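Colleague: All chains should be modelled from the sequences, with the hints used to inform the complete structure.
Number of protein chains: 2
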Amino acid sequence: MSASIFQQNLERTEANFQPQTPLSYLKWAASVYPQKTAVVHGDRQFTYQEFENRCVRLASALANRGIGLGDTVSFMAPNGPALLEAHYGVPMTGAVLNALNFRLDAQTIAEILIHAETKVLFTDREFSPVISQALKKISHDILVIDIDDPLASGGSRIGEIDYEQFLDAGDSDYDWQMPADEWQAISLNYTSGTTGNPKGVVYHHRGAFLNAMGDILSFGLNRDTVYLWTLPMFHCNGWCYTWAVTAVGGTHVCQRNIVPAEIFTKIKGRGVTHFCGAPIVLNMLVHAPATDKLAFPQKVEVMTGGAAPPSAIIAAMEQMGFNVTHAYGLTESFGPSTVCAWQDEWAELSLDAKASQMARQGIRYPTLFDQAVMDPDTMTRVPADGKTMGEIMLRGNTVMKGYLKNPAATAEAFKGGWYHTGDIAVMHGDGYVEIKDRSKDVIISGGENISSLEVEEVLYKHPLIMEAAVVARPDEKWGETTCAFVTLRPDAAALTQDSVIEYCRDHLARYKVPRTVVFGPLPKTSTGKIQKFVLREQAKELQ
Amino acid sequence: MSASIFQQNLERTEANFQPQTPLSYLKWAASVYPQKTAVVHGDRQFTYQEFENRCVRLASALANRGIGLGDTVSFMAPNGPALLEAHYGVPMTGAVLNALNFRLDAQTIAEILIHAETKVLFTDREFSPVISQALKKISHDILVIDIDDPLASGGSRIGEIDYEQFLDAGDSDYDWQMPADEWQAISLNYTSGTTGNPKGVVYHHRGAFLNAMGDILSFGLNRDTVYLWTLPMFHCNGWCYTWAVTAVGGTHVCQRNIVPAEIFTKIKGRGVTHFCGAPIVLNMLVHAPATDKLAFPQKVEVMTGGAAPPSAIIAAMEQMGFNVTHAYGLTESFGPSTVCAWQDEWAELSLDAKASQMARQGIRYPTLFDQAVMDPDTMTRVPADGKTMGEIMLRGNTVMKGYLKNPAATAEAFKGGWYHTGDIAVMHGDGYVEIKDRSKDVIISGGENISSLEVEEVLYKHPLIMEAAVVARPDEKWGETTCAFVTLRPDAAALTQDSVIEYCRDHLARYKVPRTVVFGPLPKTSTGKIQKFVLREQAKELQ
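Quick note, the sequences are listed as chains W and G, same order. Just so you know, we're using this note's numbering here: the first sequence kicks off at 12 and counts up by one. Just so you know, we're using this note's numbering here: the second sequence kicks off at 12 and counts up by one.
Just so you know, the hints here were simulated from the structure itself, not pulled from any lab data. Predicted model, so just to flag it, every value in this text is computed and none were measured. You may find that some hints are simply not true.
Note: identical chains are not told apart, hence a pair may lie in one copy or across any two.
Stated by the list, open to error - List time: in silico DSS-like cross-link candidates among lysine-lysine, alpha-carbon distance up to 30 Å:
| hint | residue 1 | residue 2 |
| --- | --- | --- |
| 1 | K47 | K365 |
| 2 | K398 | K38 |
| 3 | K416 | K148 |
| 4 | K310 | K279 |
| 5 | K426 | K38 |
| 6 | K38 | K447 |
| 7 | K148 | K130 |
| 8 | K47 | K310 |
Modeller: Given below as structure tokens:
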């Protein structure tokens with residue numbers, strides 16, 4: 012068959028084909044709203060012109076140190092200008108931003124920095140103790156740069172130079188380049204995954220550009236948006252809001268820690284219109300002391316994810332002037348892929364019925380190509396009956412490039428041409444997805460993923476423990492907490508819950524440590540496999 | 012240099028790379044809002060489920076007739092369900108939608124249908140006379156299908172089958188496919204261009220997907236949007252709002268003709284939130300009889316383009332409850348590429364000062380990669396001083412594939428890696444572009460482009476006319492009208508303006524016919540070239 016007339020002499024050129032990249036958003040905002048406030052952090056604030064200038068100087072200073080295409084630049088920092096600027100300054104050099112979860116322990120951080128082949132590490136003063144420990148475990152050279160945030164508490168400077176001095180060394184006329192290819196890597200986010208070995212999820216410019224659009228559409232951002240950074244920017248690049256807020260010329264208001272009094276003060280004083288966070292954040296706002304709860308005139312849009320928001324929380328948040336929307340996604344899908352889009356007829360439902368509609372994961376972002384609940388063996392869709400279980404599968408341009416240096420895991424994740432989320436769900440008649448279980452062995456506590464295998468591995472190393480199985484225990488505040496079931500060696504002396512917890516603290520990041528330890532024999536199949544579903548039921552019924 | 016770790020084993024797969032296409036928006040809206048009203052036309056209305064169903068049946072019926080990848084399907088229709096459905100149903104088969112300007116004359120339409128190699132032509136009953144004439148000039152086979160809109164006036168059925176019957180022959184379970192490649196052609200829009208030979212501008216799925224996003228961001232569409240179709244859908248596929256409104260699950264309210272009483276009735280009765288149109292449409296609303304002007308409670312957003320809105324119109328529209336935004340673009344840029352984004356500080360300006368800010372073309376859509384004012388010879392940017400003139404150049408993913416079967420014109424348009432708009436402008440200090448003149452010889456009357464060369468060619472064929480030059484004459488209502496300067500043959504009998512106009516009506520679409528004819532010698536350079544700039548000045552000063 013010969014080519015049609017529409018396939019002749021109509022090739023891509025520089026005029027009609029350019030990379031899709033979120034870097035173009037900063038260039039846009041800085042040219043349209045140069046004098047508008049882009050970033051607020053404590054007493055400091057930067058206009059879009061200043062923000063762009065700082066990003067360009069960061070890029071220039073990195074380039075001066077030899078950083079370029081395909082190099083990894085890691086950040087250990089809470090929300091603040093430095094980490095936000097990194098979302099632009101690092102990829103402006105062609106390098107890849109690796110934002111670390113600052114709750115991780117030294118050993119895990121060291122493993123990540125080694126696996127990522129990090130060349131430069133920026134670290135907030137507050138995290139200097141854990142970073143100092145981590146660096147001792149690493150043999151390759153890393154340029155360490157301090158972020159000496161005045162709002163940081165404790166710690167000391169351990170790097171060669173301070174972030175602000177480093178920026179001063181950069182040239183604001185640096186001629187940075189857009190990526191040559193929209194498939195180029197922009198960031199690297201480690202997920203605890205299911206095995207305890209962190210996996211490096213690689214994002215591409217095309218997906219970051221698009222998921223930022225998806226955020227704007229799904230969350231209703233516009234030029235009047237004042238976005239409060241309650242969600243850590245290290246979480247899937249702040250669910251791509253690091254780029255989305257800039258794309259509309261909105262204002263980024265930084266928030267280092269979750270302190271309800273500070274959050275209410277900013278909502279009122281800064282006119283915050285939007286924020287994101289795990290249900291624990293909403294929980295903290297609801298249960299804040301009455302003196303901390305300031306009234307505010309605007310309606311504040313809240314996107315929550317990581318776990319379904321309980322109905323009591325939705326109701327309490329609404330009463331305070333918030334409008335809560337539930338979103339779902341994974342590190343592998345650039346953060347939110349799915350949103351529980353509001354339907355007008357829900358307004359007439361009882362609070363409980365409404366909350367159960369709103370607690371579902373929902374429908375795909377319009378920027379995601381497709382979402383399905385499938386039988387993973389046959390790769391066919393389950394009926395949309397709200398009953399038949401299957402695995403949530405995603406497909407489209409906001410799915411990761413793959414796992415860094417792990418082609419086997421990448422191939423496994425993309426088997427059959429879909430990304431396998433590992434989440435077991437039903438498809439309702441209205442096209443909304445609802446998670447029923449997780450096929451991956453993950454506990455989600457306060458918005459953080461915890462691999463049960465990682466915790467089990469630590470427990471198995473305890474000299475008195477013979478067997479261990481770790482599952483999620485439902486928790487009103489944290490969503491879930493880690494619950495360990497252990498069997499002691501026959502010859503073991505007695506062991507207390509507290510001593511097991513104490514032991515785990517020495518080997519795990521604090522948020523992963525079991526809150527509950529149950530002693531006794533473990534239920535098993537006839538072939539000797541531990542029956543986790545039985546333990547999950549037991550964990551649910553613990554008083 | 013070896014490939015970085017981010018370039019290894021991280022290839023595109025079906026899971027993470029899929030075509031960007033506006034077809035995905037319809038699939039999304041129909042799954043999320045199946046029962047919501049998608050389309051309103053007179054007494055008829057369709058939910059999103061019905062809308063999708065109709066589009067799929069259109070695709071199926073076309074496929075049954077052998078229509079597929081790279082075939083052209085033309086539509087001669089005013090705004091209504093059929094043409095809107097064509098924006099989905101035609102590309103669902105892989106075919107290319109060619110929406111005709113229904114104001115064109117039979118000869119031009121015939122030339123287009125021949126050039127486009129149209130296989131199927133849908134025609135509204137009202138346009139059967141001109142289509143019948145056009146078909147007589149064509150030798151290749153075209154399947155003609157009538158659109159027997161109850162709101163059409165006059166005309167007769169000339170096709171093989173009626174649109175609704177044709178849909179009935181389609182299968183609503185038809186397994187349509189997304190395009191294999193986002194670079195695939197989705198539509199073909201003819202522009203009069205500068206030479207009088209219409210040029211076929213080819214759009215790709217990627218650009219249509221993206222410019223719809225740009226519309227949503229720039230015009231603030233969301234799920235509560237009720238969009239009134241005052242802008243003809245044949246204009247750059249309705250500036251991509253045919254796809255954008257669907258992408259947010261908004262409601263399309265069709266409007267066949269510009270009748271102020273009907274428009275006000277719909278704004279009030281249907282709760283219209285947004286519409287687009289040339290300044291002439293705004294003009295008609297402002298000057299409508301008081302009895303037609305219904306008050307409405309909502310703020311209605313209006314995007315206008317094709318010419319700068321005069322300050323009196325902006326003020327009068329604001330007083331009625333409209334908020335006017337000026338946008339700029341061309342057929343080659345999928346309609347709007349540029350918008351005069353509002354700046355808060357303008358609120359404090361006098362009406363005139365505000366209007367002159369708002370009448371500028373403005374800044375690029377965030378979805379356009381770059382916009383510049385350049386010296387076309389050196390391809391360097393002019394200083395942003397508001398004085399130095401240059402040509403507006405566009406670059407990015409919302410620029411056409413090129414001109415159909417016209418590689419020379421495509422190469423010329425994309426010279427130096429930018430699309431040359433032909434519009435002469437200055438760049439202001441705030442980054443806003445303002446058009447000062449057009450390098451292309453085009454008159455824009457009531458939002459329609461008219462090639463002065465095409466009109467001149469007709470005049471030159473008049474037996475008594477020796478020389479002719481056609482320029483734009485400023486007009487309060489239409490923006491510009493066609494003004495002809497003619498010199499008669501030495502032996503010619505006297506000729507009146509009316510007889511020249513009458514002659515032109517026989518050979519040109521009505522809107523192109525000169526409103527003014529001036530007799531006398533033409534000003535020329537020493538080398539004999541007609542000095543059009545002198546004539547433009549004269550046309551401005553005509554009483």
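Colleague: Can you give the numbers of the hints that this structure goes against, from lowest to highest?
Modeller: Checked against the structure, no hint fails, so every one of them is satisfied.
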